[in-house]
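*Asks:* Guided by the hints, dock chain B onto chain A, whose structure is given.
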Amino acid sequence: MKKFILYSIATFLLLLAVGAEFIANDDPILYEFNDQWHCGACKEWGSSTEHQTPGEAREIINPIVSFGANTLSPEGLYLQPPMTEEGQGVHWLGTDSQSRDVFAGLVYGTRYALLIGAISVLFALGVGFFLGASAAYYGNKRLRRPPAAWLSGMLLLVILIYLYFFHLLSLPLILVSVGLLLLLIYFWPAGRHNWSLPIDQWVTKGIELFDSLPALFVLLAWSATIDSWNIWNLSLLIAFFRWPTFARLIRAEMSRWANSSWIQSLRDLKMSDLWIIRTQLINLILVPISVHAAFSIAGAVSIEATLSFLGFGLGAEVQSWGRLLSDARQFFQAWWLVVFPGLLLVLFLWWTNQCAQQLQKLGEKSTR
Amino acid sequence: MNLRALNKWLSVPGSLLLSLLFIAWIAFFIQNRSSQLADEVDFSGASALPMHQNPWEDRQRIIRNGKKKDLDLPLFYFSLRPNNYPADYHEILPLRERNAARSLLEEGVPGKHILSLRNEISRIAASVPQEKANRYLKILELDKRKDLCIALQLVESPTKPLQNTIAVLCQEYSTSYWPNLYWHGLHNRWHLQWKSFFTGHWGHSRVDGQAVNRKISAALPYTLMINGASLFLLFLTAIPIGSWWALRPDAFAVRMSRQLAYLFYVAPLFWLAALAIAFLTQPQGIFPLPAGASSDLGVKHFALPLLCIWISGFGYLARLFEDTLKAEWNKPYITFSRHRGLSTQKVLLRYALPNALLPMITLVGAALPALISGSLVIEVLFNIPGMGRLIWWSLIAQDWPVVIITILLIGIFAWLGRWGADQLSLYLDPRIQWSEK
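Quick note, the sequences are listed as chains A and B, same order.
Count the first sequence with my numbering and you get residues 675 to 1042, in order.
Count the second sequence with my numbering and you get residues 624 to 1060, in order.
Among the clues, some could well be false.
Stated by the list, open to error - Some chain A residues flagged as far from chain B (calculated, every beta-carbon gap over 12 Å):
| no. | residue |
| --- | --- |
| 1 | I697 |
| 2 | I703 |
| 3 | N708 |
| 4 | W862 |
| 5 | K879 |
Stated by the list, open to error - Below, computed lysine to any residue pairings styled on SDA-like, alpha-carbon distance capped at 20 Å:
| no. | chain 1 | residue 1 | chain 2 | residue 2 |
| --- | --- | --- | --- | --- |
| 6 | A | K676 | B | L886 |
| 7 | A | K879 | B | K769 |
| 8 | A | K879 | B | L639 |
| 9 | B | K769 | A | K676 |
| 10 | B | K735 | A | K676 |
| 11 | A | K879 | B | F645 |
| 12 | A | K879 | B | L643 |
| 13 | A | K879 | B | L1039 |
| 14 | A | K879 | B | G1043 |
| 15 | A | K677 | B | L643 |
Claimed, not checked - Footprint (simulated), chain B over chain A, 3 or more residues, beta carbon under 8 Å:
| no. | region |
| --- | --- |
| 16 | 827-841 |
| 17 | 882-896 |
| 18 | 960-969 |
| 19 | 975-986 |
| 20 | 1001-1012 |
Quick caveat, the hints were computed from the structure, so don't treat them as lab data.
Computed from a prediction, not measured in an experiment: that's the story for all the values here.
Using N, Cα and C, we set each Cβ at its ideal position, and we do this for glycine too.
Next comes chain A alone, as it looks inside the complex:
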């Protein structure tokens, strides 16, 4: 029963996010004009050439709500309570301070919430996995390379930073070269005389440093300096403050296995490090990672909502849930601006938390 509820909420959210244009739109989904059928809702999807739905068109299928996310009410109905009627249709959940429909805002906000949650968690997971796994696998003594490897790597890194800083090499090329640099260090064979990199202690130290940062305040201050916002830099900013949790978890989970006799014997058989991590170690930590990722999506979404609520974050034209709620900061008698976006937000947070718990149970069953 619980599984059924969780699956249906997932379907509901995905439908809202993917089909937002077909649910809330000021153009009809399908209309007839000059004996030809046109798709009005497909305009945002970039598949159609027309830009304006002609007034005399015969509408065939209308969306559920005849307002888009940024449709301003033609009659200037600001802050109207739910079920206000208008020429175009009914504002089921009322309007916000700029006379936009709240229901449409919620539908489009789902898309932003899912995207920001997913992207920031992917970034944080990527960085956290790289650092946490290498810290756990190599420990303090096992990453042994000749001095020449470390010195040339350091030099190349400084050069790359220099080239990036003065725009002498484009960003994709820089990223590719950093990848090549890592491969160079990885494939450099250990010689007779080696230096070991205490990567475990360095990563632990880095996590500790991020712990001492007052994250919300730094996030707010940083976001105040960014003048053009999009989903990507917002997600990156959130991920910047969330990778340490992933790194800590992955390091803790993996170091339980990295020194086991099983992995030690694989190492003695001269299996490559990447192969051991990819085929053996990842399977052992998949459950805790996915549980934490699910929790983390909830965290990222609520951070975004808090940012938007406080007036930072994505611009005013982006209808995220937090943006809708932030209207309530000034007009706190408009209860519909508080209740509905908040309910959807809490539903989402509850859903991700429950999914995480279900994953945990699933993992416990499979390892038993």
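*Replies:* Frame of chain A; chain B shown alone:
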């Protein structure tokens, strides 16, 4: 040789220093980014002249403002730049023109030509009528060498040095890759900023000119009061209720209250607060509306914020305590004491609680920075003039001196809280030291 020697140096005495340095670096980075936003805006309020009345004087004013904010100083003790950059590149103001100069330099144009061009153009612009001067000064904001070359052809009656510069600028250049190291000495922004921080000169607000430490000391009592009270309330309620949950897990009331607390824990604090304001304040509810001005602020205004903080933090704390107590309750010494015939009450109070309370110390330590940073959302929503609202207002008004100092203070307190909690729990339970080795 082992690179772990470096690590020893990093970890033992320098933990606080390193955290501070990191926060300082992040704060400096943010502040540096912020100065790029609008260097022409003067925050003192006195000289809010309309722009573009006299472009020459406007530009001079912007440069004066920039110098007042130390924007013409180098960022750090040294800099590593391509060798066509002029040594005094950091002195180019306004920042818009510096950015333009930078993209010209990235095209490979030698720095000395750019500097002489700037001198000549600004000298000419000072002596011609306003409209023309405006046009000439716009030339300095061009960031493509080709555009610059075309624009310079249109300057009427160029001086002799300008003619030379035009001829040089219209040539092709190849990008310069070779770096040059410049040493700037102690008179740089990083050094001056932290020198003034550690000597107690925290500067003045850009909005109202008030001293930063005065602003902070005005805001701190409110935050200390509200957060101290809520922390006290949280621990006072979470510990008995958490033990009730742990000892009677199957009771109906326990299951219901756990679910309810969990729901409040999942809901974001700002939503709970907004709901409380929408439904529990005066027209419908019993609580007073948020105070309009800080002079109206009375004791009754703190009731609802306290309730909000308590209800959102309670679920987490009580569940955590429940878990630790349950783990403690299943240990053999508890079973033994109960078999000896001690009452549940005595076992709980004498044996289980002290042990289960130890992990709570870490939580108190983690809450210490919140004690001075305050609950941002709550203070903003309920209009309480504490630290949270101070930071929020300063961010909105781009009042960076206040923001940076408060972030640093919170960072220091966060470190102190964690360190203090570690030391305290080590003192109270020496077994921890053994298990870590």
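*Asks:* Hint check: B:K735 vs A:K676, CA-CA at most 20 Å. Holds or violated?
*Replies:* Not satisfied, since the Cα-Cα distance of roughly 72 Å exceeds 20 Å.
*Asks:* Against the 20 Å threshold, does the CA-CA distance of A:K879 and B:L1039 hold or violate the hint?
*Replies:* 17 Å, holds
*Asks:* Within the assertion that chain B covers the region 960-969 of chain A, do at least three residues meet a Cβ-to-Cβ distance smaller than 8 Å?
*Replies:* violated (count 0)
*Asks:* Do the alpha carbons of B:K769 and A:K676 lie within 20 Å of each other, as the hint requires?
*Replies:* 66 Å, violated
*Asks:* A:K879 clear of chain B by more than 12 Å, beta carbon to beta carbon?
*Replies:* 7 Å, violated
*Asks:* Within the region 975-986 of chain A, is the number of residues with a Cβ closer than 8 Å to a Cβ of chain B three or more?
*Replies:* Answer holds; 7 residues pass the 8 Å Cβ test.
*Asks:* Minimum C-beta separation from A:I697 to chain B exceeding 12 Å: can you confirm that?
*Replies:* At roughly 24 Å from the nearest Cβ of chain B, A:I697 sits farther out than 12 Å, so the non-interface label holds.
*Asks:* Can the region 1001-1012 of chain A be counted as covered by chain B under the rule of three residues or more with Cβ-Cβ separation shorter than 8 Å?
*Replies:* As far as the region 1001-1012 of chain A goes, the hint holds, because 7 residues have Cβ atoms under 8 Å from chain B.
*Asks:* Does A:K879 pair with B:F645 here, judged by a C-alpha cut-off of 20 Å?
*Replies:* Roughly 11 Å separates the two Cα atoms, so the pair holds.
*Asks:* Is it correct that the beta-carbon of A:I703 has no partner in chain B closer than or equal to 12 Å?
*Replies:* The claim holds: A:I703 sits with its nearest Cβ about 33 Å from chain B, beyond 12 Å.
*Asks:* Looking at A:W862 again, its CB stays over 12 Å from all of chain B?
*Replies:* 15 Å, holds
*Asks:* Please work out if A:K879 and B:L643 have their alpha carbons no farther apart than 20 Å.
*Replies:* Since the Cα atoms of A:K879 and B:L643 sit roughly 13 Å apart, the hinted pair holds (cutoff 20 Å).
Consistency note: the structure conflicts with the earlier hints numbered 5, 7, 9, 10, 15 and 18.
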